[in-house]
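Here the UniProt record's numbering is used: the first residue of the sequence shown is 1, the next is one more, and so on.
Hints may contain errors.
Calculated cross-link-like contacts (lysine to any residue; reagent style SDA-like; alpha-carbon spacing at most 25 Å) [to be verified]:
1) Lys288 with Glu343
2) Lys288 with Arg312
3) Lys288 with Arg333
4) Lys288 with Ala353
5) Lys288 with Phe464
6) Lys288 with Ile310
7) Lys288 with Ala134
8) Lys288 with Pro334
9) Lys288 with Gly378
10) Lys288 with Glu338
Label pairs and their calculated CB-CB ranges [said to hold, decoys possible]:
11) Leu337 with Leu12: 45 to 55 Å
12) Asp344 with Gly88: 17 to 27 Å
13) Asp69 with Ala426: 50 to 60 Å
14) Pro169 with Asp21: 18 to 28 Å
15) Gly474 with Arg447: 42 to 52 Å
16) Ala390 with Leu12: 49 to 59 Å
17) Thr339 with Glu240: 25 to 35 Å
18) Gly170 with Val432: 29 to 39 Å
19) Ala463 with Gly88: 41 to 51 Å
20) Leu340 with Pro473: 20 to 30 Å
Treat the hints as calculated values from the structure; they're not laboratory data.
Given the structure is predicted, the values throughout are model-derived calculations rather than measurements.
No residue lacks a Cβ here, since even glycine has one placed at the ideal position from N, Cα and C.
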Amino acid sequence: MAVLNREVAEQLGLPLATSADAPVKVLQYGDGNFLRAFADLFFDRANQAGWGGSVAVVQPRTPRTERCDAWNEQDCLFTVLVRGRADGQVVDERHVVSSVRECLNPHRATDREEILRVATSPELELIVSNTTDAGIAWDPGCSLEDEVPASYPAKLTQVLYRRWEAGQPGVVVLACELVEDNGARLFALVRRHADEWGLPLEFAAWLDQECVFASTLVDSIVAGPVRDPAAVAALGLGYEDGFLAAREPFECWVIQGDDALERRLPFGSAGIDTVTVAPDIAPFERRKVRILNGAHTGFVPGAWLAVYDIVRDALHDPVVRGFMDALLGDAVRPALLETLAPEDVDGFIAATADRFDNPFIDHSLLAICLNSTSKWRGRDLPTLLERVEATGAVPQTLAASLAALIAFYTTGVEGRDEEGLHLRRADGTPYVAEDEDDVLDFYWEHRGTDDATLVADVLRNTAFWGQDLSDVPGLEPAVLGALTVIRAEGPLAAFAAAIAETSEVAA
Numbered sequence: 001m002a003v004l005n006r007e008v009a010e011q012l013g014l015p016l017a018t019s020a021d022a023p024v025k026v027l028q029y030g031d032g033n034f035l036r037a038f039a040d041l042f043f044d045r046a047n048q049a050g051w052g053g054s055v056a057v058v059q060p061r062t063p064r065t066e067r068c069d070a071w072n073e074q075d076c077l078f079t080v081l082v083r084g085r086a087d088g089q090v091v092d093e094r095h096v097v098s099s100v101r102e103c104l105n106p107h108r109a110t111d112r113e114e115i116l117r118v119a120t121s122p123e124l125e126l127i128v129s130n131t132t133d134a135g136i137a138w139d140p141g142c143s144l145e146d147e148v149p150a151s152y153p154a155k156l157t158q159v160l161y162r163r164w165e166a167g168q169p170g171v172v173v174l175a176c177e178l179v180e181d182n183g184a185r186l187f188a189l190v191r192r193h194a195d196e197w198g199l200p201l202e203f204a205a206w207l208d209q210e211c212v213f214a215s216t217l218v219d220s221i222v223a224g225p226v227r228d229p230a231a232v233a234a235l236g237l238g239y240e241d242g243f244l245a246a247r248e249p250f251e252c253w254v255i256q257g258d259d260a261l262e263r264r265l266p267f268g269s270a271g272i273d274t275v276t277v278a279p280d281i282a283p284f285e286r287r288k289v290r291i292l293n294g295a296h297t298g299f300v301p302g303a304w305l306a307v308y309d310i311v312r313d314a315l316h317d318p319v320v321r322g323f324m325d326a327l328l329g330d331a332v333r334p335a336l337l338e339t340l341a342p343e344d345v346d347g348f349i350a351a352t353a354d355r356f357d358n359p360f361i362d363h364s365l366l367a368i369c370l371n372s373t374s375k376w377r378g379r380d381l382p383t384l385l386e387r388v389e390a391t392g393a394v395p396q397t398l399a400a401s402l403a404a405l406i407a408f409y410t411t412g413v414e415g416r417d418e419e420g421l422h423l424r425r426a427d428g429t430p431y432v433a434e435d436e437d438d439v440l441d442f443y444w445e446h447r448g449t450d451d452a453t454l455v456a457d458v459l460r461n462t463a464f465w466g467q468d469l470s471d472v473p474g475l476e477p478a479v480l481g482a483l484t485v486i487r488a489e490g491p492l493a494a495f496a497a498a499i500a501e502t503s504e505v506a507a
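Take the sequences, apply the hints, and build the full model.
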């Protein structure tokens, strides 16, 4: 079977949105699955609407050129499977993405020359990156004279300086690394390199005045490369593709900026409404953490104890689904409406249910339970505290969620070692609770403790929560009551009781 390239695509009648000679308008640092299945698919869609640009990808880390060469042999084409649910319907699509023109490895001299040619060309508009969470970091060992600076901020400073020297206008830098204020952090590191390398003040002024370092929030689950031969054969593509990737239908790219920035980006004019330019992305980050992540952490430990193994199966249980709906609708939604429009909140809640019900991804509940204590603190505790302050009452769904979390660490305790706490759920399935040592030590030391003392000590553990939660009116009896139900009747009974109490309050 032939390897995918432009000739093969033409023979098979595969539509390509980007012409082979489209000028490079994007310099992209990162060749991983996420940027390919997310950003590069967006650029391909923009070309369907007439944008007419292409992407030059810089392989960010390894000096090995095999991966880059293999992709170039495919004319940088690749297939993205978009699979899951949207608006309650199953989606199973495939897209041959053609927006990438070339893959460059800076450890090869000819590729370094091409990177500088792209960086100094008048056609360049955007620089996009996803260099992992650790990519936006300071490395004092980098210098302007390095052939290949070790860090991404140093690489970026180097190419931007060459662009300024060439007298070209500034560009928009879109940081997609999963760190808070990613664009602002990247800009600060570039300016620091400029200062420490003694670069001209005029270059610093150019960075300040002509370049835009936009913080962004990216959200779509990319499952990764599809390599299983049987799975690939079942697709019946008609060609070989070493860069085949799969992702869910949901996509959200929020870019911090103003109307002027929106006009510089190709998405709005292309009618791509899943890219949002907003003056502040913090409310959207809060929405994701409170709804998507908060729902996961809110119901997953209890669903695991209710002897479910994957998210999709758990959500098909009407009690688990009802509990999640009550948690999001009664506790999370009102807090988010302070900074977001109802349609932004309600649409995201509906999409979250679809994402959890993805028939193509078996998302392990136990894997989600990793480090659940800190996750609950960051994702669910803020909602609880805000609702108590606003209403004077503890949301029963969050009290039951915290009780289920406590039960997760204390059900059928059998041992403690470097792996974590060894436990056993009601159906006899052994499991390991993995968390920070102080969390595991706490629960190990509390094995056999009566539940009233256990709950009191959990709430008073300021190392867990950053404050003494026993001060929250009504929380301790609510958590203890839910935990008592879990011990006697199981987590689904506690979830059902929380749903009923939430409905009574709403009525």
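Practice item. Could you grab the alpha-carbon distance between Lys288 and Glu343 and see if it respects the 25 Å cut-off? Key: holds (14 Å)
- Query: Keeping to a limit of 25 Å between CA atoms, is the pair of Lys288 and Phe464 held or broken?
  - Reply: holds (22 Å)
* Decide if the proposed pair is consistent with the structure: Lys288 and Ile310, CA atoms, cutoff 25 Å inclusive. => holds (21 Å)
Notebook entry, point to check: Does the hinted range 25 to 35 Å hold for Thr339 and Glu240 at CB?
Noted result: Distance hint for Thr339, Glu240 is violated at roughly 48 Å.
### Message
A range of 29 to 39 Å was offered for this pair. Does it hold for the Cβ distance of Gly170 and Val432?
### Response
Between Gly170 and Val432, where Cβ atoms are some 51 Å apart, the hint is violated.
Could you grab the alpha-carbon distance between Lys288 and Glu338 and see if it respects the 25 Å cut-off?
With a Cα-Cα distance of about 15 Å, the restraint between Lys288 and Glu338 holds, given a limit of 25 Å.
message: Hinted pair, alpha-carbon criterion (25 Å max): Lys288, Arg312. Please report holds or violated.
response: holds (19 Å)
Legend entry - Cβ separation of Gly474 and Arg447, checked against the hinted range 42 to 52 Å: Violated - the Cβ-Cβ distance for Gly474 and Arg447, about 28 Å, lies outside 42 to 52 Å.
Status of the given 45 to 55 Å range, CB of Leu12 versus CB of Leu337: holds (49 Å)
Notebook entry, point to check: Within a Cα-Cα threshold of 25 Å, do Lys288 and Arg333 meet the stated pairing?
Noted result: With a Cα-Cα distance of about 12 Å, the restraint between Lys288 and Arg333 holds, given a limit of 25 Å.
Check the following: the C-beta atoms of Pro169 and Asp21 are separated by a distance inside 18 to 28 Å. holds (23 Å)
Given the hint that Lys288 pairs with Ala353, does the C-alpha gap stay at or below 25 Å?
holds (13 Å)
Hint compliance for this structure: hints 15, 17 and 18 are not met, and every other hint is.
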